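If you're matching them up, the sequences are chains A and B in order. Quick note: the first sequence uses the working numbering, first residue 1, plus one each step. Quick note: the second sequence uses the working numbering, first residue 1, plus one each step.
Accuracy of the hints is not assured; some may be wrong.
To be verified - Dumping the calculated DSSO-like pairs for lysine-lysine here, alpha-carbon to alpha-carbon at most 30 Å: (1) LYS380/B to LYS35/B; (2) LYS101/A to LYS382/B; (3) LYS444/B to LYS184/A; (4) LYS35/B to LYS226/A.
Source of the hints: derived by calculation from the structure; they are not laboratory data. These numbers come from a predicted model, not from an experiment.
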Amino acid sequence: MKVSIFITCLVDQLYPQVGMAMANLLTRLRVEVTFNEEQTCCGQPAFNSGYHPEARSVAEQMLRLFARELESTDYIVAPSGSCVTMIRKYPELFADNAELKLQAEYVRQRLYELSHFLVEVLGVEDVGSEFEGRVTYHDSCHLLRELGVSRPPRKLINAVRGVEFVELDDAEVCCGFGGTFSVKHPEISAAIAAEKVACIERSRADAVVACDASCLMQIGGMLSRKGSAIRTLHLAELLASPVSK
Amino acid sequence: MSTDNTTQPESFGENSRRALTNPLLQRALTIATVKATSARSVAVTHVGPANWEQLRDRAHAIKKHTIENLDFYLEKFAGNVERLGGKVYWAQTADDACKYVAELAQRRGVQEIVKSKSMMSEEIGLNHALEDAGIKPIETDLGEYIVQLANERPSHINMPAIHKTRSDVADLFAEKLGVERTEEIAEMTALARRVLRARFAEAQMGVTGVNYAIADTGTIVLVENEGNIRLTTSLPRIHVAIMGIEKVIPNLQDLDVFLLLLSRSASGQKMCSYVSLLTGARSSQDEEGPDEFHVVLVDNGRVEMLSDKQLRESLYCIRCGACLNVCPVYRKIGGHAYGWVYPGPIGAVLTPQMIGLDRATSLPFASSLCGACGDVCPVKIKLPDMLLHLRQRINDNGHIKTKARKRDRLERLSFKFWAMAMKTSRRYRYVACFGRLVQALIRKRNANGSVSLRVPQWSDTRDFPPLARRSFREQWRDRSH
Ligand code: SF4
Numbered sequence: 001m002k003v004s005i006f007i008t009c010l011v012d013q014l015y016p017q018v019g020m021a022m023a024n025l026l027t028r029l030r031v032e033v034t035f036n037e038e039q040t041c042c043g044q045p046a047f048n049s050g051y052h053p054e055a056r057s058v059a060e061q062m063l064r065l066f067a068r069e070l071e072s073t074d075y076i077v078a079p080s081g082s083c084v085t086m087i088r089k090y091p092e093l094f095a096d097n098a099e100l101k102l103q104a105e106y107v108r109q110r111l112y113e114l115s116h117f118l119v120e121v122l123g124v125e126d127v128g129s130e131f132e133g134r135v136t137y138h139d140s141c142h143l144l145r146e147l148g149v150s151r152p153p154r155k156l157i158n159a160v161r162g163v164e165f166v167e168l169d170d171a172e173v174c175c176g177f178g179g180t181f182s183v184k185h186p187e188i189s190a191a192i193a194a195e196k197v198a199c200i201e202r203s204r205a206d207a208v209v210a211c212d213a214s215c216l217m218q219i220g221g222m223l224s225r226k227g228s229a230i231r232t233l234h235l236a237e238l239l240a241s242p243v244s245k
Numbered sequence: 001m002s003t004d005n006t007t008q009p010e011s012f013g014e015n016s017r018r019a020l021t022n023p024l025l026q027r028a029l030t031i032a033t034v035k036a037t038s039a040r041s042v043a044v045t046h047v048g049p050a051n052w053e054q055l056r057d058r059a060h061a062i063k064k065h066t067i068e069n070l071d072f073y074l075e076k077f078a079g080n081v082e083r084l085g086g087k088v089y090w091a092q093t094a095d096d097a098c099k100y101v102a103e104l105a106q107r108r109g110v111q112e113i114v115k116s117k118s119m120m121s122e123e124i125g126l127n128h129a130l131e132d133a134g135i136k137p138i139e140t141d142l143g144e145y146i147v148q149l150a151n152e153r154p155s156h157i158n159m160p161a162i163h164k165t166r167s168d169v170a171d172l173f174a175e176k177l178g179v180e181r182t183e184e185i186a187e188m189t190a191l192a193r194r195v196l197r198a199r200f201a202e203a204q205m206g207v208t209g210v211n212y213a214i215a216d217t218g219t220i221v222l223v224e225n226e227g228n229i230r231l232t233t234s235l236p237r238i239h240v241a242i243m244g245i246e247k248v249i250p251n252l253q254d255l256d257v258f259l260l261l262l263s264r265s266a267s268g269q270k271m272c273s274y275v276s277l278l279t280g281a282r283s284s285q286d287e288e289g290p291d292e293f294h295v296v297l298v299d300n301g302r303v304e305m306l307s308d309k310q311l312r313e314s315l316y317c318i319r320c321g322a323c324l325n326v327c328p329v330y331r332k333i334g335g336h337a338y339g340w341v342y343p344g345p346i347g348a349v350l351t352p353q354m355i356g357l358d359r360a361t362s363l364p365f366a367s368s369l370c371g372a373c374g375d376v377c378p379v380k381i382k383l384p385d386m387l388l389h390l391r392q393r394i395n396d397n398g399h400i401k402t403k404a405r406k407r408d409r410l411e412r413l414s415f416k417f418w419a420m421a422m423k424t425s426r427r428y429r430y431v432a433c434f435g436r437l438v439q440a441l442i443r444k445r446n447a448n449g450s451v452s453l454r455v456p457q458w459s460d461t462r463d464f465p466p467l468a469r470r471s472f473r474e475q476w477r478d479r480s481h
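Kindly generate the complete structure, drawing on both the sequences and the hints.
See below:
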């Protein structure tokens, strides 16, 4: 199986280790991984801020790139529920252009968020990884509510050797990031994050895992400000280290 | 409506900061919203998630059908009300509606009106208009009564005094009713009850809202927990019901679906304590009830909303308040921060439509777009999509230049630049390189020794991670070579 990975701009620039972890993990699972260097951003920041012409111009070149990629690969996989949600909205964004809309619908069917892809398409829950510690999981909003993915990441985490999984109180409540919302209304955004962090602290976890770098940036930023020792990990990072024989 | 000028939708930023620094408000909000949301979840589990979805689909379909044929159903409803001896008044604006009620009261020599909780009454500013006409409105819902005594306005659709703690109310009662201060809830309710009972006994006119209006039978349906609506609609000689034109549903069978959804969504209750179905004025055979029954059908911008394909669904709202309770933003700032009558996600959608886009430009942006509101909405209103749509509409309306928008001019420019930068991977790389160069200027060391960036609007409250020394694409290139 051949997969073209979409590395979101946030992962590319701030959390490259997440992208590397995902690529290594897929390779370990015998998936042939390709990465098209022409990719930039899915267009979500502009789209969610109400700048549709700007979002469209960026999304269009990404859509064409994905469509090209799918000529030689089976799936597009991304380490983000949020960006996958955005790309899944392309048919709507290009509703007035028959050609692009068709392409968008095709891409939409072949596009997966990482945890969803591992469990649904590859059919694996135990990826043969190891991590020592107590781990909790935060549901990122778009992954949970737009893509309906809540079990796959939990299954994957639970199967990791050495992990003691603990459910987070209010796991499905937003972390308060919300893209430009986090800078437009920083006080509200941070107040919401503080609630999230309080739940995380109560879980007494060593690490909080999520499937979106944006949530981790928000939660991690709050934990770090509080001087907390709790780590933030992207699911790909948690699954990265293979069981040592 | 007691509006102090500081809480307007366009001062959302200040309003919310004030709310965030009020610890009592924070506590009150958390307690009430957590209680309501968890009770709702339990109720949904009891119904069964699959059944619940079916009910929501059904409710959505009924609303869609009715709203798309609103003229037909409204005529039918109005015809039936009149056939049964009621009076119907079609009010195009808030002023029309207020004027009708005030003039009716004046004509009948009414000095005091008992009222039940009604968001429509808030929307049209009825209390204010009545007071101006020399008529005293008395709120009889406990929460509304508290809010009225405090000279405030409700901060929630169905928990009007959600922003008040028990001790706030104790202070208020002691001050305004001249009684000894007590925090005993039973004593406080008994006190309010005593005061209000006397008003009920004397009032000549009762004003209520309407939860549903049944076209087929001309019946209005009212749901409540306190019994004050029963009294408002049965003791006074005149009953005036004011309703938005979107409240009509085709027939009694349809009511079932909404009754199943409404109380569960609002508070997790299987059924409200009182459900009143009132049909027409008192007939010669009836032993009790008002002699006069008036229905005020209020448009106040709804016809225009109806013609707006993108936002029409906001007329499906049954005012359950679930989207407020579940909204992480509402939970932190409460209802007053939204600066107008309807708060929370539905308020952020309704307010710009009702008072004008240019007077509420902040509200559609006051959301993290987490989608929780759309998920709980019993009539499946796609609230996040509408918020997104309104954001776009506000940006597209370049002529909107309010204070709140001025700050966003820079944002528009940034997105123009962003779109240019993201257009090709080469430009994207240049920008990233540039970012890595300048980040040295804004680096700082955190308490725990790690490094973060000083980013405006972010770093006051949280740490911002530095850009990675080498991006993924660079690392990937190394790996492939
Ligand atoms: S929008 Fe939906 S959830 Fe919100 S108050 Fe209206 S019916 Fe209830």
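Hints and how they fare:
1. LYS380/B to LYS35/B: holds (22 Å)
2. LYS101/A to LYS382/B: Given that 30 Å is the threshold and the Cα spacing comes to 22 Å, the pair holds.
3. LYS444/B to LYS184/A: holds (22 Å)
4. LYS35/B to LYS226/A: holds (28 Å)
The structure agrees with every numbered hint stated previously.
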